[in-house]
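As a plain string of letters, each chain reads:
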Amino acid sequence: MNRTRSDVRSPVAELRSAVKSYDAHTVLNGLEVSIAAGERVALIGPSGSGKSTLLRLLMGLEPLDAGQIRLFGEPLDESHRRGQLHAAQLRQRVGMVFQHFHLFPHLRVIDNLCAAPIHVLGQSKPAAQANAETLLAKVGLADKAQAWPSQLSGGQKQRVAIARALAMQPELMLFDEVTSALDPELVEEVLVVLRQIAHESQMSMLLVTHEMRFAAEIADRVVFMEGGRIVEQGPPQQVLQDPQQARTRAFLGLLPA
Amino acid sequence: MFDLDYALSLLPILAQGLLVTVQATILGMLLALLLGLLLAIARRSRLRPLAWASAGWIEFVRSTPLLIQLYFLYYVLPETGLGMPALVTGILALGLHYSCYCAEVYRAGIEAVPRGQWEAAQSLGLRGPRLWWLVILPQAIPPQLPALGNYLIAMFKDTPLLSAITVMELLQIARISAAEQFSYLEPLTLVGLIFLLLSLIAAQGVRWLEARYAPVERTS
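As they're listed, the protein sequences go chains L and G.
Residues in the first sequence are numbered consecutively from 1024, following our numbering.
Residues in the second sequence are numbered consecutively from -7, following our numbering.
Simulated from the structure, these hints should not be mistaken for lab results.
Careful, some of the hints might be misleading.
Stretches of chain L that chain G covers, calculated by requiring three or more beta carbons in the stretch to come under 8 Å of a beta carbon on chain G [to be verified]:
#, stretch
1, 1121 to 1128
2, 1178 to 1191
3, 1206 to 1215
4, 1263 to 1276
Source: prediction; values computed, not measured.
Virtual Cβ for every residue (Gly too), placed ideally from N, Cα, C.
Assemble the whole structure, with the sequences as input and the hints as a guide.
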């Protein structure tokens, strides 16, 4: 693949000098990262390296201790009420898919997809349902519209969760280890869907993943993180096959250079 | 000895008292359910003063006897110009008192909703009342229905306290009849039996709720 859009367009999301700690444990320590419009970035690294925290900060699920978040070019300031509302508006353009799906268990599949478009975007019920059915067909679950989440397999749940996030028509999607909770034989059906989305849409994607081959396949850029810092980043071929840092080589199980 | 004819002659008037008792229970419970929910949500508010006020109010009401609250609302409040009919005062007191217990029940239900549900809703842009109404409460309340049902029964059994502020509920009517006839055995026995019967039926309902909303495996 030969995409160059990442170097022409402005960033959709940026973290500047981001610091985040839980109690005494510093997870991010002055992290700088930026995702360009339309760019697909794969975040790799050992567990506890701050990859998921990065996503959660962008989504506003955790407060930042110090530093700055910018979304779609606008800085977020959540120290006051107006700033929080502004941040919430910007985050409506960001979607997220979680490791453990988090479907709403009390709603049928179709209503999982329709709730936010109707109540947040103000879509009419028929419009939201029509859109939801299209999305379910896209993830191969057209026949599950009336099912309850508890009736689905893990792979099916995750595909519904992806469709639910897509229903909000986000410009940036955050995927947090979306195949890690799945049985091995269910991983591929989710990757197929992700691949298809990557090929069909112009959406920016930031993925935390342990699937190196998948990362190599769809990412424009691979970022290797450890200890809350970026150790190495670049095109997938370079980072995954010929990393310059000894730590990256060790993580990928490559022989020392 | 127990005079059956006298007991039967009391039934029509006791039925009137029962009507008042049931009315006080149902309206009091509706008030408690609604107010309790607001207190539970306020208690989780990010606005600290609101959360503290709610927690403090719950502790205060739960730590003072219902009878004193009734007296206060009926005999002291009118001095400030806020006089209400006895039954209205009784319903208000029952509702206020039990709302604090209901709030704790709701709180347990809300805390049992997994954090991931909040996060998923937030990531979809659902916030404020919509978040509560669409995602949190439908998951938080059903498992707590049996506990709320038990408070309904408890409140029902507390309604005789309303006789202390002149409400013509079941016990009050029984007591008046008894005083007129100088015979306490029949009216008080009947009142006891009526409470027993209705409580048993309600307990059956709670058992049904427990079976219906038994904690199921919640995979989302």
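Each hint tested on the structure:
| no. | hint | verdict |
| --- | --- | --- |
| 1 | 1121 to 1128 | holds (count 7) |
| 2 | 1178 to 1191 | holds (count 5) |
| 3 | 1206 to 1215 | violated (count 0) |
| 4 | 1263 to 1276 | violated (count 0) |
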